[in-house]
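Chains as they are written, first to last, in UniProt numbering: chain A, 1 to 381; chain B, 1 to 381.
No lab work stands behind these hints, which were simulated from the structure alone.
Quantities reported herein were computed from a predicted structural model and do not represent experimental measurements.
Even for Gly, the Cβ is constructed at its ideal location relative to N, Cα and C.
Hints may be right or wrong, so weigh each one.
Reference listing, derived: stretches of chain A covered by chain B, where coverage requires no fewer than 3 residues with Cβ under 8 Å from a Cβ of chain B [stated by the list, open to error]:
(1) 97 to 110
(2) 211 to 220
(3) 223 to 229
There are 2 protein chains.
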Amino acid sequence: MESTVNGGAGDKATSTTSNGTAAVDKGVDFANYFCTYAFLYHQKEMLSDRVRMDAYLNSVFKNKHHFIGKTVLDVGTGSGILAIWSAQAGAKKVYAVEATKMAEHARELVKANKLQDVIEVIEGSIEDITLPEKVDVIISEWMGYFLLRESMFDSVICARDRFLKPTGVMYPSHARMWLAPIRSEVTDQKMSEYEECMDDWQGFVTETKSYYGVDMSVLTKPFSEEQKKYYLQNSLWNNLDPNQVVGTATIIKEIDCLTVTVDDIIEVKANVSSTITKVDTRLCGFGGWFDVHFNGRKENPAACAVELTTAPSIYGGTHWGQQVFLLHPPVRVNNGDEILVNFSMSRSEENHRLMNVDLGYEVKLSSGKMLPHVRNKFYIE
Amino acid sequence: MESTVNGGAGDKATSTTSNGTAAVDKGVDFANYFCTYAFLYHQKEMLSDRVRMDAYLNSVFKNKHHFIGKTVLDVGTGSGILAIWSAQAGAKKVYAVEATKMAEHARELVKANKLQDVIEVIEGSIEDITLPEKVDVIISEWMGYFLLRESMFDSVICARDRFLKPTGVMYPSHARMWLAPIRSEVTDQKMSEYEECMDDWQGFVTETKSYYGVDMSVLTKPFSEEQKKYYLQNSLWNNLDPNQVVGTATIIKEIDCLTVTVDDIIEVKANVSSTITKVDTRLCGFGGWFDVHFNGRKENPAACAVELTTAPSIYGGTHWGQQVFLLHPPVRVNNGDEILVNFSMSRSEENHRLMNVDLGYEVKLSSGKMLPHVRNKFYIE
C-alpha cells in the first residue's frame, strides 16, 4: 500500500438527504476543511495578501462611524486581525468567533495588542455558539476561490440571521462573480499531460499483461475518465495577466449580503454573452473571479465605499487568483465575435464545500455564422 | 479565506477514549485515508512497483501448493491483482475484500480475466463483512511507510482472527523493521529552509506592525514551533543510496503475522546499537525501512521462501522508499564509533494511521568517550 495524492478530492464530507440538500458530517468537515486554517502558515499567507489586507483595512478605518461605540461580530476570525482592526477603529465590543484551534492564537494576539477588554474570542462554529446580544456590524473574510468555494458564506448568513440587529451593517455588503473568455497556453500543456499519461497507461497495460499475466485493458476507460477529470476538467488556480482576457467580462451573480439566503447561492445560473475584443486569437477557456464591496447599507451607507477585486491585474493579483476553466480543443475567434455562455455551478454532492460547474457555450462569428454548441463539465476542488 | 496545505496533517480521525485506545470515526477515516485508494492512478503506482510485484508474484507462483484447491482471502484487494494471482495459481475460491469503490474496478478486472467463478469481490471493510467459510490463506499487501504507517495491519489481524483456519497460512508470514544511521545533505537543506522561513516571518511581523498596526510578535514562538515540526520533525520519504548508510543496520521489530496482536504493534520500542562503518563521516539522522517474508508456516512451509525488502538499494528501491529522521545539527562520527539508540514509535492520538516517533541516541566514540544523550521527536505523517 502507500500512495500519494495526484489530486482530486474524492472525500465524502456530506451525505445527500432525500430532498437533495446535504447533511454535513461535522467530523469529516473538520478533517477536510477546517484543519487547514489551524496552521499559522496559512494565516500568514492570507495576512500577506496586500490587496485583501488593504481593502479590509480601508473599509474599517475609512468608515469608523460604523464601528465607534458599536458591537461587532467577526465570523471566522482566524488570527483575529479583523476583530483587532474593528476594536482599534473604536468598537465597544467585538465577538471574534473561530472554529479551529487558531482561536487560541487569536486570543494571545488580542492580549498582546492590549484589546482583551474589547475583544472576546470564542472558539466554536457560528452555528453552535450563542452571543449575549445582537450586533451592529458583521465583518468576515469568507470568500473562497471564485467566491463561493468553501461554502463559508453559509455561516455568515447564519450569523446575520441569528445575531445582526435589524439596522446592522454587513462587511462586506455586496459580492459579484465575473466570467470572461481567456487565452492560455496551459490548455495545450494540460492536453499534452493527459495524452502522456494515457500513453504511459498503455505501456503499463502491455507490461502487466506480459510480465504479470493480468489483462488490465478493461480499466483503460475508467482510468482515462479519472485522468480526464484530473487534467482537463478540474478548474485551475491562475493569476491571469489582463492581456489573457480576450473578451468582455460579464457578471454572472450579484449578491446583497444583507438579504441573500443560502437558497440563493446554493446554485449559480447565468446566461451571458461576451464579445471578443482581440484580433485573431484563441478562445482557450473562461476565467472566473469575484469582487466584494464595502458600501454599508442604504440607510447607513459607507462614508468611503471600498472595493476588493480579484480580477486579473498587472499588479500581481491576490491569493485567490482566478479560477480557469479550459477548453479542449481551443477555438479560433476574432474581434467582434460573440460568445454566448450558459453557466451553472452547484455544490458537489460528496463535499458541499466543492463545486461542480456546467459550462455551455456557442460562438456567434461576426459574419453571423454560429459554431456548434459545446458543453463542458468542470470541478472546482 | 482559501489557503493551500504546506503539509502536516492536523486531521482528527480518531478520538481517544478513556483507556487510551482510539475510537475511530469511520466517516473521517474514510475521508482521510481510504479515499486515496479509490483512484486508479494510485493503484497503477503500486502495480508499477516491480520489487513489490515480483515478490508477491513469486511468493504465489513458487508456492502453488499453498493455493491449489484452497480458499484464499485477499484483504484490501485494490484492483484485485493478488486475488487474480491466487486464482491463477489454482485457488478454488478467493474472497477479495475492498473498502473503497475500487471494488467495482476489481470486479470488472476479475471478469475480464475470466475468473469470476473463482473470485468473489466484496465491497466493505474487513471488520464489517462476513464470509461463509474459513480460509486456508490470507494474502494482503498491507504495508505502509516504515511498515506500520496507515495501521492497515490491524485489519489483517482482524481478518486472521475471524477467518483463518487454525492450519491457515499468512502471506506474508513475517515482517521486520530496520533502523540504520545515515548521512544526508537534506538535513542542511531542511535547516536552511526553516531558517529562511523564520527570516521571512520576521519581515512579516515588522511589516504587519508598520503597515497594519498589529503586533504579531507574540505568535513568533508558536509559528516557529509549527515550522520546526514541518521542516525538521516530519520524517521524510527518501530512496537512500546504500552509500548513505554509514553504520550497521539493526532490527527494531520482528513480527510473526500468524500470532501478532494489535497490542504488540500499537507501540514499537527498541534499544539497539549500531557501529559506524565509514571513516570520518557525518551522522545526519536515521533511516527506517522494513522487509516482509513469505515463509508459509512451520507445519506448512513455503517451497520457496520469498523476501520483499525496502532497504536502500542500488536498483532504485520501492515506492515505500525509506523513512528518514534527520538530526539538527548532524554529528561528526568515525569508523568504529557506536551509536546507542532508544527508539519508540506510537500512533498519533489525532489520527491512528499516523505515527509519533521518539528517538534518543548517544554516541560512544571509539576512544571510549560518550557524547551527550540527545532526544528528538518526529512525526510520520
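Item to check | Earlier hints that do not hold, by number | outcome: Of the numbered hints, all hold.
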